[in-house]
Each structure stands twice: as structure tokens, then as C-alpha cells.
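> Okay, here's what each chain looks like letter by letter:
Protein chains: 2
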Amino acid sequence: MGLQDKLKNIKSTGISLAATTQKQRNDALIAVKEALISQKESIFEANKIDVATAEEQGLTKSVIKRLGFDDKKLASVIDGIDSLISLPDPIGKVLLSRSLDEGLDLYRISVPIGVICLIFESRPDALVQIASLCIKSGNCAVLKGGSETKNTNRVLFNVISKAASSVLPEGSLVQIEERSEVNELLSCSESIDLIIPRGSNAFVQYIMSHTTIPVMGHADGVCHLYIDSDADIETALKICLDAKTQYTSVCNAVETILINKDISDTFIPRFARMMSEAGVTLHGNNEFAGRLKALCGDDIYCELMNDDDYHTEYLDYACSCKIVDDIDSAIAHINRFGSHHSDSIITQNKEKIEHFMNMVDSANCMSNCSTRFSDGFRYGFGAEVGISTGKLHARGPVGLEGLMTYKYKLYGSGHIVGDYVSGTKQFHFKDI
Amino acid sequence: MGLQDKLKNIKSTGISLAATTQKQRNDALIAVKEALISQKESIFEANKIDVATAEEQGLTKSVIKRLGFDDKKLASVIDGIDSLISLPDPIGKVLLSRSLDEGLDLYRISVPIGVICLIFESRPDALVQIASLCIKSGNCAVLKGGSETKNTNRVLFNVISKAASSVLPEGSLVQIEERSEVNELLSCSESIDLIIPRGSNAFVQYIMSHTTIPVMGHADGVCHLYIDSDADIETALKICLDAKTQYTSVCNAVETILINKDISDTFIPRFARMMSEAGVTLHGNNEFAGRLKALCGDDIYCELMNDDDYHTEYLDYACSCKIVDDIDSAIAHINRFGSHHSDSIITQNKEKIEHFMNMVDSANCMSNCSTRFSDGFRYGFGAEVGISTGKLHARGPVGLEGLMTYKYKLYGSGHIVGDYVSGTKQFHFKDI
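In order, the protein sequence lines correspond to chains A and B.
Residue numbering for the first sequence follows numbering that gives the first Met the number 0, starting at 0 and increasing by one per position.
Residue numbering for the second sequence follows numbering that gives the first Met the number 0, starting at 0 and increasing by one per position.
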């Protein structure tokens with residue numbers, strides 16, 4: 000069956016799905032959870048084949064770790080489903096209610112977007128997560144996983160889809176398996192309302208530049224710490240270490256550390272030794288490398304880099320360093336080289352904090368804390384769709400509300416516009 | 000100067016503009032208003048040249064009417080600017096405030112999107128309107144008007160831009176004049192955050208399918224009235240007349256009237272005579288035309304149409320008619336042939352109203368009133384960016400908030416993620 004056929008009725012399925020009750024959608028999540036647990040052996044079995052294939056193909060250890068699906072990963076996705084079940088219904092929230100005139104009442108009501116397409120590389124748990132989010136929010140999901148976990152994905156999809164369809168409309172979840180179908184998918188603007196890509200920078204960039212369907216997500220995460228002249232040095236050091244090394248392969252890990260010239264002589268020696276001890280390779284331009292050498296001699300290695308290369312995303316034990324003249328140079332650097340994701344200023348000066356927060360054009364502007372906090376769970380959203388660096392619809396960590404839109408419902412009693420144009424009637428606009 | 004050069008610094012100009020105070024932006028609007036009034040003669044002069052050229056080129060009367068700019072249009076845009084000045088500041092609204100832990104406070108704050116591009120055909124008042132909306136909301140505006148009003152647009156732009164830059168950052172408003180630059184514009188995803196196209200269906204479709212920049216707007220407005228078997232006939236007739244004839248060339252005018260078969264014999268004769276007297280040509284499939292002939296003889300002319308042609312947008316004294324079996328057939332028809340814009344059910348039955356509102360996948364679902372109500376001013380939004388039939392970001396009539404996004408500001412006091420991962424600290428998530 001071709002892709003167009005597979006997606007032919009998905010819009011109308013989406014409308015039926017949007018009309019289900021909260022109980023039906025929660026029951027579906029319970030059914031999915033129970034099916035995942037009772038059929039976990041067949042999932043693990045399929046995953047073993049994928050992992051073995053990956054090992055044969057010589058994929059890196061970190062990739063292989065990401066594509067594994069074991070009891071621990073299962074427990075984590077089950078936790079996620081449980082927390083989704085406990086969240087309030089995102090459908091039917093009254094976002095605005097206003098009487099326009101006697102007997103003419105307007106409501107803005109939250110409704111699902113309709114059909115969400117998730118395209119993801121490796122990480123089979125992403126399939127479970129996004130399928131559950133779509134079930135909770137009443138959206139149809141079109142799922143395309145990476146070929147590295149095709150066996151795991153197939154079993155996971157079948158288990159989830161069968162369990163969900165015991166309660167929800169048949170066809171609410173659709174799986175795409177062929178890589179050749181991705182380009183076809185990108186042109187299905189009639190069937191798909193939103194694409195959420197998850198994967199490498201290049202992968203997300205490719206998706207974003209090859210479709211007119213709205214895309215929500217982020218390509219890269221070039222996050223910054225700016226160590227201001229008014230920084231508390233101990234705080235700055237602690238945050239540098241956390242932001243760089245607590246988990247290096249995630250988008251909100253710091254990639255560049257900007258150091259105010261006025262504290263560089265105090266800060267750099269301790270910073271450089273700490274990073275070096277943590278196994279972090281420092282990269283810096285001539286100025287930084289020169290200053291480091293003057294301060295620490297040949298103790299600490301620094302990889303020379305060009306001034307134009309500061310948009311590097313390492314996702315590893317490495318970071319770019321630069322000395323800046325003042326806060327405005329730091330802001331200009333971040334707005335030019337950053338990815339508008341998460342950037343933090345370390346300073347004791349409140350005015351500088353406000354200036355930084357207002358002038359840095361990023362989804363998450365922070366002060367005196369690690370960039371690693373930008374995350375739906377840490378922000379208390381309960382469930383996370385992903386992090387968006389786009390400015391439309393949703394920005395930053397996106398909770399369930401990112402999968403919702405709204406519609407206006409206007410209840411009249413024979414009202415016509417002509418009466419208001421002629422002046423026979425006037426709007427009274429009262430919130431109700 | 001090439002387009003890339005013109006737009007080179009616009010992102011950073013946008014950041015400075017976003018940091019202006021409400022007073023500065025309102026002062027700029029006052030300056031714009033005064034400049035428009037004091038220089039109105041040169042605007043009218045330029046407009047006369049455009050109108051004369053249009054007449055020479057034999058453009059239709061309705062187009063020529065749209066591209067005129069006279070005292071009445073000026074008064075209307077001045078009214079718009081006054082109402083914008085009186086609206087609250089859209090920047091800096093606290094949309095969420097939450098303490099994540101002791102000394103770690105999260106805020107979601109409204110900020111401008113950044114750089115908005117308006118591409119519009121004819122209607123020079125659109126230039127004034129969108130420029131004022133962008134000034135109020137702190138967004139940079141890139142304006143490309145239709146070539147039919149290039150003289151008017153040039154003068155309007157110079158007047159507005161000069162007045163605004165007496166208060167706001169130089170370069171906050173940019174005009175594009177060459178048609179050849181539009182395609183270049185569509186690829187400027189680095190500089191432009193959002194495109195708002197205004198014009199014909201084909202024009203908007205073209206923009207939407209030739210850019211990866213987010214687009215907000217609507218291509219067509221194929222709006223429906225469904226006359227249910229439980230409709231009050233007098234109400235239904237009154238609303239049909241208003242929705243079709245009150246203003247035919249607008250997107251929320253009705254284009255198709257669906258009539259429940261159970262009331263067709265009572266409704267059709269009165270409906271057909273009323274429409275005919277109002278100068279509206281009826282179009283219908285075989286079933287409707289046959290029924291009309293059986294009921295009214297050859298009194299009323301009906302243009303035969305195919306069942307597949309029900310997505311026609313007339314924007315004129317014409318409408319498609321169809322007899323449907325029941326409410327679900329009406330809903331299925333609307334979801335298939337409509338443009339998800341504005342659709343209204345006429346019925347006395349409350350359950351049917353709810354069913355219709357929930358199952359029709361449109362931005363504006365209505366009952367017992369004219370589709371012509373879907374409009375930012377009639378909804379009480381004070382200012383209108385346009386009407387969006389997209390589901391992302393903003394849907395339906397879009398007020399100033401459609402030009403806004405938000406950023407997260409997270410204020411810490413030395414917080415690191417490691418403490419929460421290790422369990423040393425726990426989030427407490429308290430709304431503040």
C-alpha cells in the first residue's frame with residue numbers, strides 16, 4: 000500500500016479521534032501500557048536483532064546505547080505513560096469566552112492539531128513517547144523511525160497500535176517503514192499538520208528545508224555560558240562543570256564559554272584546570288589560547304580555533320572558550336553564533352541579568368544556573384514534546400499544549416452582520 | 000542595494016526594537032499618524048497616478064476601488080492607529096511564573112516574533128495597517144506591496160518610515176519594490192521569521208508552497224451555511240442573505256449553502272426567490288437543480304455544476320447549493336470541500352449545534368449566525384493581523400498576539416542539574 004493510500008483517510012480519522020472523551024484516551028493509554036508490559040519479551044527480542052546488526056556494522060558505542068530497549072527503558076516509558084494519564088485533559092479548555100452582544104457568545108476552545116508526524120533517528124523509546132503524547136492529546140500520529148531499529152520499531156508499533164485501537168478509531172496511528180517514503184511524506188501537506196523531527200543536526204536541517212509542512216523542533220543546541228566580571232567565581236566554576244559534563248550529548252549542554260576580560264586572569268587558571276581534570280578539551284581562538292598559555296604555561300592543552308568557528312556543537316567532552324570585552328560583546332556573540340536555544344549569564348549584578356535576558360534572542364535565557372535546566376520535565380510541564388528553537392506556535396521546552404490548537408465557537412440567535420454595519424445593533428464585548 | 004544587504008542587520012535591529020518601551024512605540028505611532036495627516040496630499044497625488052494607470056490598463060472596477068486611497072481610507076487607517084495606541088502593551092506579559100525550587104524561578108514572557116514580512120496585492124491601506132501593527136508589537140516589518148500601487152506604497156512607506164525612525168531604531172521598517180525580489184525574499188529564512196501574505200487565492204497558495212519560512216494567513220474562504228431540518232426558516236433566510244450579499248468579495252462570505260432534504264421543499268422556494276431578487280445566481284448539482292425546477296418551475300435560473308466543483312469560491316453574487324441527507328453528510332461535505340475558515344449551522348437543536356461545532360474542522364464554527372462575523376474587530380480583538388486557516392501558532396481571526404512569541408527567563412542562584420539527578424535536591428514546582 001502506497002503512502003498516499005495509507006494517509007488517505009487520516010484527516011477524518013483525526014476528527015473522530017478529537018471527539019473522543021478523556022476517559023477513552025486514558026483507557027487507551029492504560030491498554031498500551033499493559034500491552035507493552037505483557038509483550039516486553041518480543042520487544043526485547045526484536046531489539047536484540049537491531050543491536051546485534053548495529054554491532055556488526057561497527058556503529059559507535061554511544062549510538063548503540065541509544066538504540067537499546069531494555070527493562071530500564073521500558074520502565075521509563077511506562078513512567079511517562081503513567082504521568083500522561085494523570086495530566087488534565089488538554090482538549091476542551093476554554094481559552095476565551097466573551098459575549099459579543101445579547102445572544103451572541105464567542106468561545107475559544109482547545110482542540111488537537113490533527114495529524115502529527117514524528118520522524119526520528121535511533122531511540123525506539125521516542126516512538127512510545129510520541130505515540131502516547133498523541134493519544135493523550137487526541138492527535139493522529141504518523142511514525143517513521145530510524146532503520147537502525149526497524150525490528151524494535153515494528154514490534155513496538157504493532158503492540159501500541161493494537162492496544163490503542165481497542166478503544167480509539169482504527170488508523171489513529173500509522174507507521175512508515177521505508178526510508179524512500181520520507182520524501183513523499185514531506186510533501187503530504189494535505190494530510191499532515193505538523194512534523195516533529197528528532198535526530199542529528201543535519202537530519203533536522205534536511206527535514207526543515209525540504210517541506211512546507213510546519214516543523215517543530217531544533218536542529219542544533221549551541222548553548223552559552225557568559226561569565227561576567229561581576230560573577231561569583233565559585234558559582235561560575237560549578238555551573239561550567241555541570242553545564243558541560245553532566246550529560247554531554249544533549250542539546251542543552253553548554254558548547255561555548257564566554258569570559259569577561261576583567262576576570263579572565265582570576266577565572267581562567269581555575270576553570271582550565273577543572274575542565275582539564277574532568278577530561279574536557281578546551282578550544283579557543285588566538286586570544287584565549289595566548290591568555291591561557293600566559294596564565295598556565297603549557298600545563299593545559301588548548302586546540303586553536305578560528306573566530307568564525309564558534310558555532311561548533313561538540314556534544315562531547317570539549318568546549319569553545321573566548322574572552323569578551325563586556326556583556327554586550329557576549330550578547331552579540333551569542334545572537335550571532337548561538338542556536339537560540341539556552342544561554343545563561345553568571346553575574347551578581349541584577350541590571351546585567353535583566354539586560355542579558357532582554358537582549359539575548361533565545362528560547363531560554365538564564366541567570367546563575369546551568370543551561371541543562373531547559374527541559375519540559377525540569378520546567379514542570381509533566382510531559383515533553385521536545386524543545387523548539389522556532390518562534391512560531393511553541394518555543395523552548397514544549398509540553399502537551401504544543402500538540403494543541405484551538406477553534407472558535409460562536410453561538411448566535413439569528414444574528415447578521417448587516418445590523419452592525421448599519422448601526423441598528425452594537426457589540427457590547429463582555430467577558431463571560 | 001541587493002535584498003540580502005537590505006536585510007543583513009534586520010535581526011539585530013529587531014532585538015533593539017523589541018527592547019523599546021511601550022511609550023516609545025506609542026510615540027512612534029503618534030508620529031506616523033501626524034505625518035500621514037500632514038502629508039496626505041502627496042499620498043493622494045501618488046495614488047491618483049496609480050489609479051489612472053490602472054484605468055488605462057483596463058483593470059476591473061472592484062480592483063480599482065480596492066487600490067484607491069482617499070480621505071475615507073485615510074480616516075479608517077487613522078482610526079486603526081488610534082485604537083492600536085489605546086491597546087495594552089503586548090510585550091512583557093507574564094504568561095507563566097513558577098518557582099522550580101528555592102531560588103530558581105521560571106517566567107514565560109511575551110516578546111515580539113522579530114521580523115515579519117507582509118506581501119500584499121493592491122490595497123495600500125494594508126501597508127499602513129501592518130506597519131502600525133508591527134510598530135505596536137515591536138516587530139521589524141519587511142513590506143512588499145503590489146505593483147499596481149507602487150507610487151502610493153512608496154510615498155506611504157517613506158512617510159511612515161521617516162516618522163517611525165524619529166523614535167525607533169533606524170531600519171525597523173524595510174520596503175521591497177521589485178517583483179523579482181519576492182522569490183529571493185521567500186528564501187530569506189535567516190532574516191525573516193514570519194510571512195503574512197494578503198491577496199488572491201493563487202497568490203497566497205504560491206507564497207505558501209514556495210518557502211520554508213512560516214506563513215500565516217488563508218488562501219481561500221469557502222464558507223458554508225448548513226440549513227438543518229430543525230432550522231427556524233425565517234432565521235435561516237435572513238442569515239443566508241446576510242452571509243452571501245452583505246459584502247461578497249470577502250473571505251468570510253458564504254459560498255455554499257447545504258440544505259437538509261427534510262426541509263428542502265419548504266425552504267428552497269422562498270430561499271431561491273429571495274436570492275434571485277438579491278441578484279444572486281444559484282449553482283447546483285443535478286439533484287438541487289431538479290428539485291428547484293420541481294418546486295419553482297422555470298422561474299429561477301440555476302447553473303448546473305458537478306459534484307466535484309463544490310470548492311468554488313465565487314467572491315461574487317453567486318453561490319453553490321446542495322441538498323444533503325443529514326447533519327453528518329453536511330459535516331463531511333464541509334470538511335472535504337471547505338477551506339476550514341468559517342462555517343455555520345442553522346438549527347434549533349442544541350445537540351446538533353454541539354455535534355456540528357465539534358466535528359467541523361474549521362477555525363470558526365458557528366450556529367444561528369452569519370459567517371461574516373469571523374473577524375478580529377467583531378470578535379473584539381481591537382486590531383486584526385488577518386485570518387489564519389492554518390492550525391499552528393494562531394488560528395481564525397488573529398489579533399496582535401499573533402505577532403508575539405515568548406521566551407523563558409530562568410533566574411537561579413548557582414543551581415546545577417547534577418544536584419537534581421543525584422537526588423540531593425528536589426524540584427518543588429510552585430506557581431508564583
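I should point out that these hints are in silico values taken from the structure, not numbers from a laboratory.
Among the hints, a few may not be true.
For chains that are exact copies, the list does not tell them apart, and a pair is met inside one copy or across any two.
Cross-link-like lysine-lysine pairs, in silico, DSSO-like; alpha carbons within 30 Å at most [what the hints assert, rightly or not]:
1) Lys260 x Lys10
2) Lys10 x Lys60
3) Lys92 x Lys429
4) Lys237 x Lys10
5) Lys92 x Lys260
6) Lys237 x Lys39
7) Lys149 x Lys92
8) Lys5 x Lys349
9) Lys22 x Lys237
None of the values given here were measured: they were computed from a predicted structure.
> Going through the numbered hints above, which ones does this structure break? Give me the numbers in ascending order.
As far as the earlier hints go, 2, 4, 5, 6, 7, 8, 9 are violated by this structure, in ascending order.
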